[in-house]
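Protein chains in written order, with numbering that gives the first Met the number 0: chain W, 0 to 121; chain X, 0 to 150.
No lab work stands behind these hints: they were computed from the structure.
Just so it is clear, CB atoms sit at the ideal spot from N, CA and C, and this is done for glycine as well.
Mixed in with the good hints, there may be bad ones.
To be verified - Ranges between beta-carbon positions, derived for each pair: (1) X:LEU18 / W:ASP86: 22 to 28 Å; (2) W:ILE117 / X:ASN3: 31 to 37 Å; (3) X:THR32 / W:ALA90: 40 to 46 Å; (4) X:ARG14 / W:GLN50: 34 to 40 Å; (5) W:GLY80 / X:ALA116: 19 to 25 Å; (6) W:ILE105 / X:VAL84: 47 to 53 Å; (7) X:ASN3 / W:PRO36: 23 to 29 Å.
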Amino acid sequence: MPGILFDPTMQGLAEALTLRQRRHEVLASNLANVETPGYRARELDFATALQDAFAGQETDDGAGLAPRVVEDPTAPARADGNPVDLDMQMAKLASNGTGYLALARILGHRIGLLRQAIEGTR
Amino acid sequence: MDVNDILAISASALRAERLRLDVISSNLANANTTRTPEGGPYRRRNVVFESHMLEAGARSAEADSGTLASLSTDAVRTVEVTRVVEDTSPLRLVFDPGHPDANAEGYVAYPNVNPVAEMVDLMAATRAYEANVQAVNATKRMAEAALAIGA
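In isolation and in its complexed conformation, chain W is listed as follows:
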């Protein structure tokens, strides 16, 4: 959707928002299964997704940016075979959510700038 109004920055912001939402899904799933024996904590592979995005696959629609879900390598072991660490997951949930809010606000500001350009200063 590139064009005059929706420049690459806005497109990137929108993609980052979607990526944050996908990560939120994974973290919510981890929290839901915090007491499920045998459940393995998962994490979105942000770094690889980002590298893939930079590495080309110059598709305009960003189809190459597919987030991968991996088992969380930092998860500690627990006796019931469930390595979900409540504190760590809550921290990740909070930081991911804050990142999402920040991105949403930046995107809002850019749209505000566009609106100002369209309407002029009054």
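Got chain W sorted already, so can you dock chain X onto it with the hints?
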């Protein structure tokens, strides 16, 4: 996958933890019950949690995926209480010959409920419940922020 699906994941956990709290309350309430409809003393009950893939119907038609491929169906899991099982560990025998339920040797079989262990479970279940409430709140804040873009 939209906000409703994420809320469905958190809601499944809230329901499961609430059921666990029900069972713990029942265990604590019946810590000294020597008579049950099935006969014999009460036996401690336990819940079995099982993770499930999000129902196909619950997942949106991926129309929202826009520029990013959505997660695989295997990536996120809801949780369900599939069974409530009885704890088969031995009952607590207390010497009380005057009790109507005492056996020939004068021992009364009390439930195999350990109130301390139940309280610890109660706290763990409450914390897990609260964690999922936080997840719901975070989802709501994110959705509200998304709605406010450009407003």
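- Which of the stated hints cannot be reconciled with the structure, identified by number in ascending sequence? Of the numbered hints, all hold.
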